[in-house]
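*Asks:* Sequence order for the protein chains is Y and C.
The first sequence: position 63 = 996 (our numbering), numbered continuously.
The second sequence: position 158 = 161 (our numbering), numbered continuously.
Treat the hints as calculated values from the structure; they're not laboratory data.
Where a beta carbon is used, it is the ideal one built from N, C-alpha and C, also for glycine.
Each hint should be verified, as a subset may be incorrect.
List time: in silico SDA-like cross-link candidates among lysine to any residue, alpha-carbon distance up to 25 angstroms [to be verified]: (1) LYS1325(Y) - MET4(C); (2) LYS1339(Y) - HIS1149(Y); (3) LYS1188(Y) - MET4(C); (4) LYS998(Y) - SER1174(Y); (5) LYS935(Y) - GLY20(C); (6) LYS1227(Y) - LYS30(C); (7) LYS1337(Y) - GLN43(C); (8) LYS963(Y) - PHE1154(Y); (9) LYS935(Y) - ALA228(C); (10) LYS1337(Y) - THR1350(Y); (11) LYS1269(Y) - MET4(C); (12) LYS1188(Y) - ASP74(C); (13) LYS1461(Y) - GLN1045(Y); (14) LYS127(C) - SER985(Y); (15) LYS1188(Y) - ASN959(Y); (16) LYS1527(Y) - GLN142(C); (17) LYS1339(Y) - LYS1227(Y); (18) LYS1461(Y) - ASP1485(Y); (19) LYS1339(Y) - ASP1485(Y); (20) LYS1188(Y) - ALA228(C); (21) LYS935(Y) - TYR13(C).
Incomplete in silico selection of chain C near chain Y, CB under 10 angstroms [claimed, not checked]: (22) PHE27; (23) GLN29; (24) VAL59; (25) ASN86; (26) MET89; (27) GLU173; (28) GLN230.
Every beta carbon over 12 angstroms from chain Y, so not counted as near; a handful from chain C, in silico [stated by the list, open to error]: (29) ILE6; (30) ILE19; (31) VAL39; (32) HIS48; (33) ILE75; (34) ALA83; (35) GLY92; (36) GLU138; (37) GLU148; (38) PRO169; (39) ILE171; (40) PHE176.
Listed below are the residues making up each chain.
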Amino acid sequence: MKKLALSDEILLTIEKPARYIGGEVNEVKKDPSEVEIRFCMCFPDVYEVGHSHLGIQILYDMFNKRNDTYCERVYSPWVDLDRILREKNISLFALESQDPVKEFDFLGITLQYEMCYTNVLQILDLSGIPIYARDRTEEDPIVIGGGPCAYNPEPIADFFDCFYIGEGETVYDRVLEEYKENRRVHGSRRDYLERIARIEGIYVPALYDVDYNPDHTIRSFVPNHPNASPMIRKQVQMDLSHTYYPERPIVPYIKAVQDRVVLEIQRGCIRGCRFCQAGMIYRPVRERDVEYLKGMASSMLASTGQEEISLGSLSSSDYSALPDLVYYLIEELGKKGVNLSLPSLRIDAFALDVMSKVQDIRKSSLTFAPEAGSQRLRDVINKGLSEESILKGAADAFAGGWNKVKLYFMLGLPTETEEDIEGIAVLADQIAREYYVIPKDKRNGRVSITASTSFFVPKPFTPFQWVRMCTAEEFLQKKDVLRRKLMEQLNYKSIRYNWHDAEVSILEGVLARGDRRLSGVIYNTNKKGCLYDSWSEYFHYDRWMEAFQENDVDIDFYIHRERALDETLPWDFIDAGVTKEFLIREYRRAQEGKVTPNCKKACSGCGAMVFHGGVCYEERKGDSV
Amino acid sequence: MTIRIRFRKYGIMKFIGHLDVMRFFQKAIRRAELNVVYSQGFSPHQVMSFAAPLGVGLTSDAEYLDVELSDIPSPEEVLARLNAVMPEGFCVNACQILPETPPNTRKENAMSIVSAADYIVSLKDGYQTGLAREEWRSQFCRFMESDRIEILKKSKKGTKQTDIRPMIYESGFSWQENPDSVRERYENGLTVFLRTAAGSTQNLKPELVIEAFCEFANLSWHPFAWQVHRLELYRHNASQAFEPLIP
């Protein structure tokens, strides 16, 4: 019988012991003594959140298909267990074998949001792995980072031995083969890192030197070893219909955030919204074959017994075979009592039809993400959603029986004026007015509109990577402007307004565009007991601010200044496909309020064509035949 | 048609709570491709009834659940299909097709008919009672001779003084047990058998009996020292005798 790392007494004292015992349906079981490589995959957040991440499930499946490798999992212990592990000096362990993480060959940590950085340090600390990569010995696992935040790895570069930039399907096999080879020739940890520095997409921070100007901007960023490439090119899996996909995903016992089968229908996005990092770094857009997806849906549902399936992508409405796929799923799943959880769709006749088929109209709501309140500002951010289409979509939906609308906006976008902010209130009110156009006897009660705003955080590899971010005070003023304007609206009683926390946004902003000088700040913050910064009840802004002071780091430098276009940015050494020239061009067009057409309409020459794919590439290939 | 299934829950699965066990079985039944009847509406769900929720930390040889199927392969087939999709820690070991409910009578389900349960309570290794085994046993026999056993029972409305003696139907140090029982066994060998009231009208957790005994014998009570294992669940049959839910 499976032996657990924690005693009954501990497991029965903490919340949700099932987070720490493994043994779920479809967990991969191997004898650790019979493999050559032990890889521990980590999502640095609580089990229910981490388990819901598709990327890890794909890599778990991919690694475990190798006979010489056993990939296991670890998530952040919740605060209750964190305390106990420290008190009793228990080493953090992997779920499958319950063996200490420290005994593994690799610890892979996915970085999905900046606010998980203190949790990364918690994982290292509880595992007994030195927090700074430079302090690690031959006994310690190789700590490798990946995920979207690895596109600017600099704030946490000192904690990682290496980063994998881009999609995991391409060069991980080489990373593991080199490990075996290095072991065979009795190479050291350092030898191994120098070896893998030659693999495209692998960044070994220790092999680069950064030099700063007196004003703290970067003077130079250069390799200090011949194997280290001056530019690291992101990895892209071009053929998504003939590659790894977890046909037998793990089924958690406790309810995970994503308690369903997830079908990733495409990667990348054709839209080119200028604030959106995902829309830039995941280019080019690549679809999975619809027949492949249908087959995958059936096998995943059969192997998991899940009651629900959802579609994953950045913009599902742009998937070319969406109606085919959705109608097939509704039909097939309906027979088996499985629900289709719809992604947010552009509201049109198709969307309303499928929504009415899979959701209870009285309970479900329409979702629009105009992101900005005026057409002028929507043009600046290149959000191709017009007021006309929002109002038309809402009117059609209201006529179809819906009466709930959710609206998502950002405050603090570049060039934003008071008028743009007030436009949010006016738009919300106009939508409500559309509802009352319907004859009274056909209305389904009152209309309910929820407007939510988040604060704009400029991200690397977007056309807004140079812009100044607002201060917390400015954000809160903007929020007040909007609240006041909402009160003036005719239908204000039907409009609810939610806003995000400004302080978390500020920190996210600092970490997103930070450099190596931030590692000391993150280290100190964690030492002050900060954990789970993305959970508002555990977020301590004051402790972060203390840590900045202790390290003599000024947050204004990172967020409250406009960067010069010729400044060396900390992430400039990463080649994400989209070129700097394209980003500058887009930035200029934004300032002029000029819209750039989406990739299906016209190629804007972003640079991602170097990966030999995407709608623009397919078209050109067609032309030349 | 409704079937009743008996299953075991053991090993690390003792840390899975009742609601999660329900969700687990819904998925297991789908994986086993049994044709289950779904409720109507936008979120169809399976019509399922568990006999008696098992607390987190307890193991069991006899948990029961009723589920409605639209067509039923043989009971053997149901068992084979379910066991093929069970992880370690769950095992299905009996299946019975329930007779159709006669017209105009209330449909019974597993939950509503439970009346008693057998438990084995064992001292986990690494814990002490403060008494030698024989001494502990004789004290326990004296305890069971009491006319009344008063405890403070906590409920939603607050605490209240309750006499639990009438809810303890049997106790002792020998019992009938399936040789392949999944209960955990300990070096110290201190175990006690209890048959207590179970079900929706009266329910007594065996932990409370041990706690009351510790107070009676002036022994210190440690909430994590005891492993409780459920051996069987009973209903009253026509002659008011206890009969396992699947005879």
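*Asks:* State for each hint whether it applies.
*Replies:* Results for each hint:
The straight-line distance between the Cα atoms of LYS1325(Y) and MET4(C) is roughly 49 angstroms, outside the 25 angstroms bound, and the hint therefore fails. Proximity of LYS1339(Y) to HIS1149(Y) is assessed by CA-CA distance (about 42 angstroms); at most 25 angstroms being required, the pair is judged violated. Distance hint between LYS1188(Y) and MET4(C) is unfulfilled; the C-alpha atoms sit about 29 angstroms from each other, more than 25 angstroms. For the given pair, LYS998(Y) sits about 17 angstroms from SER1174(Y) by alpha-carbon distance, which is consistent with the 25 angstroms threshold.
For the hint pairing LYS935(Y) with GLY20(C), the CA-to-CA distance comes to about 18 angstroms; that is within 25 angstroms, so the pair holds. At roughly 20 angstroms between alpha-carbon atoms, LYS1227(Y) and LYS30(C) fall within 25 angstroms of each other, so this suggested pair holds. Pair hint LYS1337(Y) plus GLN43(C) holds up; C-alpha atoms about 24 angstroms apart against a cutoff of 25 angstroms. Taking the CA atoms of LYS963(Y) and PHE1154(Y), the gap is near 43 angstroms; set against the 25 angstroms cutoff, the hint is violated.
Of the supplied pair hints, the one linking LYS935(Y) and ALA228(C) holds, its CA atoms being roughly 20 angstroms apart against a limit of 25 angstroms. Distance check on the hinted pair: LYS1337(Y) and THR1350(Y) sit about 29 angstroms apart at the alpha-carbon level, beyond 25 angstroms; violated. Restraint check for LYS1269(Y) and MET4(C): satisfied, since their Cα atoms lie roughly 18 angstroms apart, inside the 25 angstroms limit. At most 25 angstroms may separate the alpha-carbon atoms for a hinted pair to count; LYS1188(Y) and ASP74(C) exceed this at roughly 30 angstroms.
Of the supplied pair hints, the one linking LYS1461(Y) and GLN1045(Y) holds, its CA atoms being roughly 23 angstroms apart against a limit of 25 angstroms. A distance of roughly 36 angstroms separates the Cα atoms of LYS127(C) and SER985(Y); the hinted pair therefore is violated under the 25 angstroms criterion. For the hint linking LYS1188(Y) to ASN959(Y), the alpha-carbon distance of about 16 angstroms falls within 25 angstroms, and the restraint holds. With a C-alpha separation of about 88 angstroms, the suggested pairing of LYS1527(Y) with GLN142(C) is violated against the 25 angstroms cut-off.
A distance of roughly 30 angstroms separates the Cα atoms of LYS1339(Y) and LYS1227(Y); the hinted pair therefore is violated under the 25 angstroms criterion. For a cut-off of 25 angstroms, the pair hint linking LYS1461(Y) to ASP1485(Y) stands: about 17 angstroms separates their Cα positions. Note on LYS1339(Y) and ASP1485(Y): the hinted pairing is violated, with a Cα-Cα distance of about 42 angstroms set against a maximum of 25 angstroms. A threshold of 25 angstroms between alpha carbons decides the hint, and for LYS1188(Y) with ALA228(C) the separation of about 29 angstroms lies outside it, so the pair is violated.
Taken as a hint, the LYS935(Y) and TYR13(C) pair is honoured in the structure, with Cα atoms around 11 angstroms apart against an allowance of 25 angstroms. Residue-level restraint check for PHE27(C) holds (minimum Cβ-Cβ distance to chain Y is 6 angstroms; threshold 10 angstroms). Annotation: GLN29(C) was flagged as interfacial toward chain Y, and the flag holds, the nearest CB pair being 7 angstroms apart, inside 10 angstroms. Annotation: interface hint on VAL59(C) holds; nearest CB of chain Y at approximately 7 angstroms, less than 10 angstroms.
Residue-level restraint check for ASN86(C) is violated (minimum Cβ-Cβ distance to chain Y is 13 angstroms; threshold 10 angstroms). Checking MET89(C) against chain Y: minimum C-beta separation of about 8 angstroms stays under 10 angstroms; hint holds. For GLU173(C), the interface hint is violated, since its Cβ never comes within 10 angstroms of a Cβ in chain Y; the closest pair sits about 27 angstroms apart. Proximity of GLN230(C) to chain Y holds as hinted, the smallest CB-CB distance being about 8 angstroms (cut-off 10 angstroms).
Every CB of chain Y is more than 12 angstroms from the CB of ILE6(C) (nearest about 17 angstroms), matching its label as outside the interface. The claim that ILE19(C) lies off the interface is violated: its Cβ sits roughly 5 angstroms from the closest Cβ of chain Y, which falls inside the 12 angstroms cut-off. With a least CB separation of 8 angstroms from chain Y, VAL39(C) falls inside the 12 angstroms interface cut-off, contrary to its annotation. Non-interface status of HIS48(C) relative to chain Y is broken: a Cβ of that chain comes within 12 angstroms, the nearest being about 8 angstroms off.
With a cut of 12 angstroms on Cβ distances, ILE75(C) stays outside the contact zone with chain Y, its closest approach being about 17 angstroms. Here ALA83(C) stays apart from chain Y, with its beta-carbon at least about 17 angstroms from theirs, past the 12 angstroms limit. GLY92(C), annotated as away from the interface, has a beta carbon of chain Y within 12 angstroms; the closest lies near 6 angstroms. With a minimum CB-CB distance of about 25 angstroms to chain Y, GLU138(C) clears the 12 angstroms threshold, and the non-interface call stands.
At the 12 angstroms boundary, the C-beta of GLU148(C) stays outside the reach of chain Y, the nearest C-beta of that chain being 32 angstroms off. The Cβ of PRO169(C) lies farther than 12 angstroms from every Cβ of chain Y, with a closest approach of about 29 angstroms, so its non-interface assignment holds. Distance to chain Y confirms ILE171(C) as a non-interface residue, since its nearest Cβ pair spans about 24 angstroms, more than 12 angstroms. Residue placement check: PHE176(C) keeps its beta carbon more than 12 angstroms from all beta carbons of chain Y (closest about 23 angstroms).
Hints 1, 2, 3, 8, 10, 12, 14, 16, 17, 19, 20, 25, 27, 30, 31, 32, 35 from the list above are not met by this structure, while the remaining hints are.
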